[in-house]
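*Asks:* Protein chains in written order, with this note's numbering: chain A, 1 to 378; chain B, 1 to 378; chain C, 1 to 378.
Do not take every clue at face value.
If several chains are the same, the list does not tell them apart, and a pair holds so long as it fits within one copy or across any two.
Straight-line distance between alpha carbons at most 25 Å, and here's what the computed SDA-like set of lysine to any residue pairs gives [said to hold, decoys possible]:
(1) Lys205 <-> Asn286
(2) Lys205 <-> Leu359
(3) Lys219 <-> Arg284
(4) Lys135 <-> Met197
(5) Lys219 <-> Ser24
If you are wondering where the hints come from, they were derived from the structure by calculation, not from laboratory data. A quick note: this is a predicted structure, and the numbers were derived from the prediction, not measured.
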Amino acid sequence: MVERHLIEPSSSVLGVIVDEVRQSPLLALIIFVPVALVVERLMPDSHTLLFLLSVVAIIPLAALLSRATESVAAKTGDAVGGLLNATLGNLTELVISLAALQAVQYLLVKASLAGAIVTNTLFMLGGSFLLGGLKHHIQEFNRVNARFQASMLFLATIAVLVPSLISEVDQPPAPAVSQTLSLGLSILLIVVYGLGMFFSLRTHKELFASVSHGEEEKKPWPMTLALALLVVVTLLVALVSEIFVGSVQVAAEHLGMTPAFVGFIVVALVGAAAEVTTAFSGARANRLDLSIGIALGSAAQIALFVAPLLVIVSYFIAPDPMTLQFWRGAVTMMIVATLAAVLLSNGGRGAWYAGVMALALYAIFAFTLFVLPPANPL
Amino acid sequence: MVERHLIEPSSSVLGVIVDEVRQSPLLALIIFVPVALVVERLMPDSHTLLFLLSVVAIIPLAALLSRATESVAAKTGDAVGGLLNATLGNLTELVISLAALQAVQYLLVKASLAGAIVTNTLFMLGGSFLLGGLKHHIQEFNRVNARFQASMLFLATIAVLVPSLISEVDQPPAPAVSQTLSLGLSILLIVVYGLGMFFSLRTHKELFASVSHGEEEKKPWPMTLALALLVVVTLLVALVSEIFVGSVQVAAEHLGMTPAFVGFIVVALVGAAAEVTTAFSGARANRLDLSIGIALGSAAQIALFVAPLLVIVSYFIAPDPMTLQFWRGAVTMMIVATLAAVLLSNGGRGAWYAGVMALALYAIFAFTLFVLPPANPL
Amino acid sequence: MVERHLIEPSSSVLGVIVDEVRQSPLLALIIFVPVALVVERLMPDSHTLLFLLSVVAIIPLAALLSRATESVAAKTGDAVGGLLNATLGNLTELVISLAALQAVQYLLVKASLAGAIVTNTLFMLGGSFLLGGLKHHIQEFNRVNARFQASMLFLATIAVLVPSLISEVDQPPAPAVSQTLSLGLSILLIVVYGLGMFFSLRTHKELFASVSHGEEEKKPWPMTLALALLVVVTLLVALVSEIFVGSVQVAAEHLGMTPAFVGFIVVALVGAAAEVTTAFSGARANRLDLSIGIALGSAAQIALFVAPLLVIVSYFIAPDPMTLQFWRGAVTMMIVATLAAVLLSNGGRGAWYAGVMALALYAIFAFTLFVLPPANPL
Chain A
1 MVERHLIEPS SSVLGVIVDE VRQSPLLALI IFVPVALVVE RLMPDSHTLL
51 FLLSVVAIIP LAALLSRATE SVAAKTGDAV GGLLNATLGN LTELVISLAA
101 LQAVQYLLVK ASLAGAIVTN TLFMLGGSFL LGGLKHHIQE FNRVNARFQA
151 SMLFLATIAV LVPSLISEVD QPPAPAVSQT LSLGLSILLI VVYGLGMFFS
201 LRTHKELFAS VSHGEEEKKP WPMTLALALL VVVTLLVALV SEIFVGSVQV
251 AAEHLGMTPA FVGFIVVALV GAAAEVTTAF SGARANRLDL SIGIALGSAA
301 QIALFVAPLL VIVSYFIAPD PMTLQFWRGA VTMMIVATLA AVLLSNGGRG
351 AWYAGVMALA LYAIFAFTLF VLPPANPL
Chain B
1 MVERHLIEPS SSVLGVIVDE VRQSPLLALI IFVPVALVVE RLMPDSHTLL
51 FLLSVVAIIP LAALLSRATE SVAAKTGDAV GGLLNATLGN LTELVISLAA
101 LQAVQYLLVK ASLAGAIVTN TLFMLGGSFL LGGLKHHIQE FNRVNARFQA
151 SMLFLATIAV LVPSLISEVD QPPAPAVSQT LSLGLSILLI VVYGLGMFFS
201 LRTHKELFAS VSHGEEEKKP WPMTLALALL VVVTLLVALV SEIFVGSVQV
251 AAEHLGMTPA FVGFIVVALV GAAAEVTTAF SGARANRLDL SIGIALGSAA
301 QIALFVAPLL VIVSYFIAPD PMTLQFWRGA VTMMIVATLA AVLLSNGGRG
351 AWYAGVMALA LYAIFAFTLF VLPPANPL
Chain C
1 MVERHLIEPS SSVLGVIVDE VRQSPLLALI IFVPVALVVE RLMPDSHTLL
51 FLLSVVAIIP LAALLSRATE SVAAKTGDAV GGLLNATLGN LTELVISLAA
101 LQAVQYLLVK ASLAGAIVTN TLFMLGGSFL LGGLKHHIQE FNRVNARFQA
151 SMLFLATIAV LVPSLISEVD QPPAPAVSQT LSLGLSILLI VVYGLGMFFS
201 LRTHKELFAS VSHGEEEKKP WPMTLALALL VVVTLLVALV SEIFVGSVQV
251 AAEHLGMTPA FVGFIVVALV GAAAEVTTAF SGARANRLDL SIGIALGSAA
301 QIALFVAPLL VIVSYFIAPD PMTLQFWRGA VTMMIVATLA AVLLSNGGRG
351 AWYAGVMALA LYAIFAFTLF VLPPANPL
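All chains should be built: construct the whole structure from the sequences, respecting the hints.
*Replies:* And the structure:
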């Protein structure tokens, strides 16, 4: 990611945006935010158009959100900053999922959760190994840290999947039992997540040092501006997410996709766009530790924080609370993806073919989900 | 474990017991052994009371059994001693299971077998990592040995689970086929276990050196006394186990638990109490190798020795022999627990959060089993 | 493998065969090739006899095929030679499977594919660890390479198994959907395989150096002779395979076996005989790297090349194309076998008991399959 610091960064919101757009052309897509909002007023039934517009509009918003979070984090010092980064790292994902939750589209929510874990591991790790490996023959990385993080991710994923794994095939538990189980588990998972932050930000922060270090390449924005942007952009994401969720069902049908595919691939990729960019450029710069840290950390956050939070929130906003019961294919994909992460990080060395294998698995999952959508509603 | 050697150890049975009780207050619970036996005569229908009394009474007996075995082992030299330790290490578990087998309570037996593997890995390993990690920032251990033992445990667990893993979901095998399979497999597993003892006690004992070393901290008892105690305490465990098995069904119902939960959590914890104590104090003393060796070795013993032995014995004492067919949730929990053991031992370093994760999984399993007991009788 | 170079190798086809037979007595079994062909003319209904004759006849042919491939490879230089070795390494397996494919015996084909992966990992790796470990106390090997290869094998196996893993238990996909999925996947897998060859033969050949090195112990045959033998022996394998496939169903019934057992154990062992010999002698010579390279490489080739090729070919020669849908037991066995390979190669050290464990698992799988054949036709 080549940066041009020739132009002095202005400090007005508009100036910052213009600046950022100049630096990363992707941000120019921000023009689709007002377009999507206007089209929704004028042609509320053009579902396919609205769907496409909202997907494209979320990409630059996710990037801005990520930048705003980093800026606030940079100003507040290590502990609070890390906390912010850890909590808001999947904010886009969270806001989209909340919109889907409110519309009681549980399959979309679950598909996007499962997709986020698979995308963060197979796609983000695989792409990092491939792109890094094409530039560097063999890339060494700190395997002790990577292994530790991968192990923790594996345990976290299994923990989220316990309700799906345990239930008898022929006798699924009664909804009430499944809901009690999911709620109890979600509370426990969030406690474990909190302890994990205490571990990584306080007692053992040296293990995670290289990761946070990588985020500080860009010049942080002024504090008030960053905070303002954080609020404004989150609201915009919420607005666009509503358009997205409202149009996805009909549009997906038109485009020959299922909501599960859209959630698993599209939402997950859109939500992770900003992190993917950072991970890939880290790999190109021979800093595979950074890429692995982002990928594994973000996936663990989905499992330990975003998923249980959505279950808990569903108790307050939905008539019939959401459970942690995933369909069988999603369970398999999540377990395979985290096992792949364990294996890829186990060796301590990266080469391009490892990336090819991970990306091939990702492609196979996407293709399978496209051809063979989950049968039962959840 | 602070030891007070101020008092000369007497050599009468009673004297030894008084001595031991003074050193480890837990042994005072031995008073509940006669209480349980008396209450069983006087109030044979107070199931809940009998259940609670028998559980509490087994704890000190298990500790005494463990001490007696160690004392005999210490006197007989390395090879025979190791053999004894290896064979009698899960004697409490074995005696309780035999009582349940005789009462044809197969679900209880299988739950306690599955629970023993999960408790030894997730609870014992997790607790060791947590307690050790709270005292020492990072704990290093011999990862080559730990990895080897964890791999062997994984293969052993898979071997025991083959009948459960292979059988088609929609077409479970006929009972006769399942019994033939389980019997053949059990014989093979015990042979593999025998070879494993030959490996760890004879050809490659240096790999397991640190573990046996840890047991010799306490002063061994005189030989005849140790042998006498071994016999007497085993008989007492058998008596109390019968009370336990006779009361568990009704008592569990009263207490809102299922026999599966009782077997999985209560029996497993009671049976492992003595080893848990040793493993935890090893971890506190920064000897994580010792803790890992005890946990993994004990779990492997359940899979390769206790489980197949019970299957074989069931051919002689039960009308309808027991199989190695576990319910689906137990299979998942055992595989996840041994995979967790592989991951935890892979890195060669311990930190408190790894323990939190393992304990959280254990808590999740316990909670799930409490809310969602296995549906089909086995 | 002791070699006697006292006799000058002659260069006529017959002379070479006589020479080879003298060096490896196994080749004397080649006499069964004409016997099988003759018996098939005279007694076409002696299925059991024909089955046994064809199995025995394939063993020396497989060994010759392997030698011929190596000889051609040795003459053509590194890259092309490696390509040949990689492509023709499982030629016997491929030819037998093609014969079974033409006879629309899909269960036999799938069983032999699954069996080949399990045999290459559990049996070949296990035997190597055991035989090597009986001679050498502890064997060290390059764990970084072994881990890398094992990880790639795991991902490859998972990729092949995605259709089996994803499909809902209660709602298997429509045949047309399953076929589309399998065809698309097969094309992708072969592309990944091609990239893997580019990786191992061109960009990163130093990682695989020790493996190819081990093949050059025997004196290569002259080029024209080797090529002629390659063609002639392949044709013979095809002829004998047809006898085998034509007789297996009835013969297996007579012998109390199922086609699944025959494919999984007999075909897989026969097809791998030559490689097993090389792997085992490598282990005895304390070159465990070589054994691991052959075992893991061959298993990965089955997953990424042989299996997808058979699916694609089935579109041209069979009325109803074959899918990648395996029965549940086969899926479990393949995953367990590759996980075992990951664990065995993870430590970087071999000892005899690790071999015992792997072989025990193999025996358990064989025994289970014998007692409990797959229920549903595929």
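*Asks:* Look at each hint and say if it fits the structure.
*Replies:* Verification of the hints:
Taking the shortest alpha-carbon separations for Lys205 and Asn286, both the intra-copy value of 22 Å and the inter-copy value of 21 Å come in at or below 25 Å. Proximity of Lys205 to Leu359 under the C-alpha cut-off of 25 Å is restricted to the inter-copy arrangement: shortest distance 22 Å between copies versus 31 Å within a copy. In this assembly of identical chains, Lys219 and Arg284 lie within 25 Å of each other by CA distance solely inside one copy; the values are 20 Å within and 45 Å between copies. Taking the shortest alpha-carbon separations for Lys135 and Met197, only the inter-copy value of 19 Å comes in at or below 25 Å, while the best intra-copy value is 34 Å.
Only within a single protomer do Lys219 and Ser24 lie at most 25 Å apart by alpha-carbon distance; the minimum there is 14 Å, versus 61 Å between protomers.
When each numbered hint is compared with the structure, no violation occurs for any of them.
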